[in-house]
Structure formats: C-alpha cells, structure tokens
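Chemist: What follows is each chain in one-letter form.
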Amino acid sequence: MNLDLFIPEITLAAFAVLVILLDLFVRQKSLLRSVSLAGLIIAGGVSVAMWGGDYLPIFNNMLAVDEFALFFKLLFAGIAFLVILASADYVNKFERFQGEYYALILLATLGMMLMAATADLISLYVSLELTSISLYVLVGFLKDKKSTEASLKYLLLGAIASAVLLYGMALVFGVTGETQLGAIASSIRSMAPVAVLDSPALIIGIVLMIAGFGFKIAAVPFQMWVPDVYEGAPTPVTAYLSVGSKAAGFAIILRIFFSAFGTPFWLSENWGMIFAGLAVISMVVGNVTAIPQANIKRMLGYSSIAQAGYLMVGLAVMGVSMLPSSGSALAFSRFQGQAGVIFFLASYALTNLGAFIAVIAISNKLDSDLIADYSGMGKRAPLLALGLTLCLISLIGMPPAAGFMAKFYLFSAAVQNDLLWLVIIAVINSVISAYYYLRVVKVMWFGEAASAEKVPSSGAPRFALFVCCLGVLLLGIIPGLLMRLAEVAGRMFGF
Amino acid sequence: MLASYGLIGLFFVVVLVFSLTMVVIPIILRFLKIVPSHPNPVKNSTFECGMETIGKTWVQFNFRYYFYALVFLALDVLVIFLYPWAVQLRALGTFSLWVVLILVFIVFIGYLYAWQKKVLEWK
Numbered sequence: 004m005n006l007d008l009f010i011p012e013i014t015l016a017a018f019a020v021l022v023i024l025l026d027l028f029v030r031q032k033s034l035l036r037s038v039s040l041a042g043l044i045i046a047g048g049v050s051v052a053m054w055g056g057d058y059l060p061i062f063n064n065m066l067a068v069d070e071f072a073l074f075f076k077l078l079f080a081g082i083a084f085l086v087i088l089a090s091a092d093y094v095n096k097f098e099r100f101q102g103e104y105y106a107l108i109l110l111a112t113l114g115m116m117l118m119a120a121t122a123d124l125i126s127l128y129v130s131l132e133l134t135s136i137s138l139y140v141l142v143g144f145l146k147d148k149k150s151t152e153a154s155l156k157y158l159l160l161g162a163i164a165s166a167v168l169l170y171g172m173a174l175v176f177g178v179t180g181e182t183q184l185g186a187i188a189s190s191i192r193s194m195a196p197v198a199v200l201d202s203p204a205l206i207i208g209i210v211l212m213i214a215g216f217g218f219k220i221a222a223v224p225f226q227m228w229v230p231d232v233y234e235g236a237p238t239p240v241t242a243y244l245s246v247g248s249k250a251a252g253f254a255i256i257l258r259i260f261f262s263a264f265g266t267p268f269w270l271s272e273n274w275g276m277i278f279a280g281l282a283v284i285s286m287v288v289g290n291v292t293a294i295p296q297a298n299i300k301r302m303l304g305y306s307s308i309a310q311a312g313y314l315m316v317g318l319a320v321m322g323v324s325m326l327p328s329s330g331s332a333l334a335f336s337r338f339q340g341q342a343g344v345i346f347f348l349a350s351y352a353l354t355n356l357g358a359f360i361a362v363i364a365i366s367n368k369l370d371s372d373l374i375a376d377y378s379g380m381g382k383r384a385p386l387l388a389l390g391l392t393l394c395l396i397s398l399i400g401m402p403p404a405a406g407f408m409a410k411f412y413l414f415s416a417a418v419q420n421d422l423l424w425l426v427i428i429a430v431i432n433s434v435i436s437a438y439y440y441l442r443v444v445k446v447m448w449f450g451e452a453a454s455a456e457k458v459p460s461s462g463a464p465r466f467a468l469f470v471c472c473l474g475v476l477l478l479g480i481i482p483g484l485l486m487r488l489a490e491v492a493g494r495m496f497g498f
Numbered sequence: 029m030l031a032s033y034g035l036i037g038l039f040f041v042v043v044l045v046f047s048l049t050m051v052v053i054p055i056i057l058r059f060l061k062i063v064p065s066h067p068n069p070v071k072n073s074t075f076e077c078g079m080e081t082i083g084k085t086w087v088q089f090n091f092r093y094y095f096y097a098l099v100f101l102a103l104d105v106l107v108i109f110l111y112p113w114a115v116q117l118r119a120l121g122t123f124s125l126w127v128v129l130i131l132v133f134i135v136f137i138g139y140l141y142a143w144q145k146k147v148l149e150w151k
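Chains as they are written, first to last, in the working numbering: chain A, 4 to 498; chain B, 29 to 151.
The hints are all genuine.
Keeping only pairs whose Cα atoms sit at most 30 Å apart, straight-line, the calculated DSSO-like set for lysine-lysine is: (1) K156(A) with K145(B); (2) K151(B) with K148(A); (3) K96(A) with K145(B); (4) K146(A) with K145(B); (5) K146(A) with K151(B); (6) K32(A) with K149(A); (7) K148(A) with K145(B); (8) K368(A) with K382(A); (9) K151(B) with K32(A); (10) K149(A) with K145(B); (11) K146(B) with K149(A); (12) K32(A) with K146(B); (13) K151(B) with K96(A); (14) K146(A) with K96(A).
Quick caveat, the hints were computed from the structure, so don't treat them as lab data.
Please construct the entire structure, taking both the sequences and the accompanying hints into account.
Modeler: Right, dumping it as structure tokens:
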C-alpha cells in the first residue's frame, strides 16, 4: 500500500498528538499555537506538492486522492490556519484547556480532509463523526450557560442527523449491496430502470442521505440548530463551523452524488430538482429571518443558511447537467456545476472568515455581539470596519469582491442548464440580503460612536483579516487562476 | 418483491405461534396436575444464587466514576484492535507491528493526559 499519498493526514494527526503532549509539559501556551500553525502549513504544503500527479485510491478504495480531494485539503488547512490566527487573543478567555482547543481544531480539520477524500460510505461516516465530535466539544468551550446549551443542542441534533444519514446509507447498501461509491454507481447502472422505480428503498435512502448532509451544510429545513449554536459558541469556533463544516458537507455531497448517484440521468435529474427546491427555501428563509436579527453572530448564522441556498443552486446544476456526454461542448458543461460550487466555497470561505475575524476583534474588546454596539466603529477601528465592510459587500455579491464572481459563475452555469427560474429567485434573494448586510455597514460608518475610545487589536488577527481581504479582492479582480483550478478539481476521480 | 416480504411474514407467524405455544404448555401441564406444586421460600426468591441485596439497588454512584469509565473505554477499544492483530501476528509482518505500536502510543498519550490532568486522583 502506498502511504505517500496519505502524508497530509498523517502530518496533521501527528501534530495534533504533539500539541496534546506539549500541552502537558509546556507552560508557554503560545508555543502550541506556533506548533499547530506549522502542522497546518506542512499539511497544506504537501497537498499543494501532490497536485497534478496520477493517483490511485488508497486503503482498499476507501479514500481517493485526486485533485478534488487535494483542493479541499488545502482549503481546510487554510481555513484552520486563519481560524487559529484569529483566535490569538480570544483563547485567553479559556482559563484552562488552551492546548485542547488547538488539538481539537487540528483533529476537526483532519476529519474534514478525510471527508473530502472519502470514496466509501464507511470511511465517510467515520470521518464525518471525527469532525462532528471535535466540533461538539469546541462549541461548548466557553463553559458558560449559553455555550453549554449550544453544545448540547448541537450534539443532540447532530446525533439525530447522523442516525438519519446512517439509515439512508443502510437503505442504499441494502439495495445495491455495495458501500464503495463507484461500485454503488455500477450497481445502479446495471439495474433495469423499472426495477429501480419499483424499489422505493433506493429513493428513500438517497432522500435520507440528503437530509443527513443537509444538517451539516445548514440547509432549510435542517437549519434549526444554526442560530443558537452560532450565538453560543466561541466566535472563532462559529467562524470555523460556518466555513469549514459547511465546505466539508458540500465536498462530501459533491463526491457522493457525482460518483455514486451520478448515473443514470433520470436519477441525477431528480436529486438535482430536490436540491433546487432546498435551495429555494434555504435562500428565502435564511434571508428573510436574517433581517430582524439584532445580534451580529445570529445574523451571520442566518446569512450562512442563505449562502448554503446559493451553493445548492450549483448542486442542482450538477444534477441536471449529468447527461451522457456526446460532444466536447457537453463534456465541458458537465463540470460547470461542480466547478461553480468549488469556486463559490473558496470565495465564501475567505469572505465569511474575514467577516468573522473582524467580529472577533471588535467583540473581544466591546464584549458584545449586538449590531447596535457597532455604531461608529468606522471612527473607533477604521481598519477593522473597512475589512468587515469589504467582506459584507462580498457576501451580497457586489463587484469588485470575490462574492460577485462566485455568484456570476454559479448563476451563469445555472442559466446555461435551463434553470433560469432558480436564478431569478436567487437574484431576488441577493437583493433582499443587501438590506441586512448594508445595515451593518451603515451603522458602522454613519452611526454615532458610543465613546471616542479606540478599539485596539493585536497583530495575528489583523494579519488574518488582511489575508482574507486580499484574497477577496484578488478573487474578485483576477478570478481566472482559481477558476481553472476549480475546473480541474471538479473532474473527480472516476472508479 | 412481494414474495420475499411474504417469506418474512411467514417467519413472523412461525415466531408468534412458537412463542405462544411455549408459554401455554406449562400452564396446560399445571392444569392437568402433571407438574407438582410445592412452593418454598428458596424457590420463590428472586435470585437462586449469590447474596440477598441489602437495602435498595437504586443507589447513586459518585459522578467522578465517569472519568474512570472514559479511561477504561480507551483501553477497551485498544484491546478490541489488538485481538485481530494478535491472531494474525505472523501473516501481517513488521509493518502491522509498527501500526499497532503507533496505536498503543496514541492510547498511552491518552493515559498520560489523564494522569497529568490529575483525573486519577480522588480528592
């Protein structure tokens, strides 16, 4: 067996163990931060170095090492890197357990990396639980009333979602007799269409799996945990949840629905329509309920539900564009949905992280998450306010920010695949979302400052915010490079 | 499709009939006076062996035992992984020896963690 292809994961696991060990003997806790950052840099660097080789599935077809997995490994390492940088000041709120905080973030990242690489229902479930259990603990890290409540809610609802997912996986296994994604696909292809229509177990299995993953990506109607958990969790963990956990969920949906349920066309068209429906209600519910929110973490929580809705437009495109390819033009359009989702995820990760880093830096000093308290922040902390403004503009999807390009690619792919009605609903929702995003901008720049006191911030979060804003601008102005990478990554490993 | 579900239904019927018969047989034998009825205190006691319980069994355990339960769980899982390896020791070779050593090392760190965080001390 070829362990070379498994180096990013091994590195990350080794560093997580190293952090736990060092935490026991070292008094200087900032050393742990440097060690975790070093681990993430190595894991991400190895993923970059592995790009472009020709790869085999490892561990008995349990994991696939392809461009898709490598892209997401780099993305997750980058997200965790920025989250750890951003929590430099925040960790002092945890009187104990700083070492555990870093170790758990590394382990959750490891789980997400495995999720992106998984090619088997069993390894899928194991990696999903590795991520989830680490996150359950992280959400409760503040140990106050709200944080504990959030953690308990997340644990209970997450357990239900896991059960639903397992039930769906069991039904799919029962019908096809396989757990490996490629084998499931060939088993479904070999059935007569009538036999598949005659066995509702497969359809129910697929729908239950969508429900289980819907919880991870916070799609309506599986979103009820989002506001409370986002509000109660430590803010860096909220940032990590809203970006990392969501990206991992989408990675796994892309992988499974492309590799296992991608053929025949009438099946993929039907789950494409399920995602289109979920996209519509996610966008509408997320945007409309975000409007009256007074707490910025809750507002960003609802906004992340709406963003999941836009992302699911891409999944719908993937479903309806899975026609058997005859010409080269068709072959290209087959991957537009995936490439659009991957590009959107990368730009959303930078944007949302940027917004949360600004919120962490500001709220850490104010000790409040209320939007009203951000009044006059343009004078008190001009750089943080500028960064937050840019990220909010990107979340609306206005040029020159990355969000505009991401929405443009995704929606144009949808229009080319005859989903114009979906794009119209999405654009109307983007306009609605401008109201609550711009309200924060208005409060920050035109509101009266409660005091003239400056809001200071330390170097590490500033650097993280700078990286995010730079990324948002670069992706908005020259998106070509990442778009090409996304197109390569979208052509997943076939079995 | 329906035929295979029918088979399950048939199985269900057999299960019902069998278990009902098993319950009814002793009652019928009792009515026919074939089974003798000589009750005594030992026969009527709940446990046929072991100690009689003193007081109620619904006592509270100290919450702190949950640490020990967690530490025990780690060891338990380790043993489950060690068994199949031990059975196939020769066939798996040195590579798997290293894998198992790494696994033991990780569990060992768990113990070290518990020890260092004073979980094993009863204050």
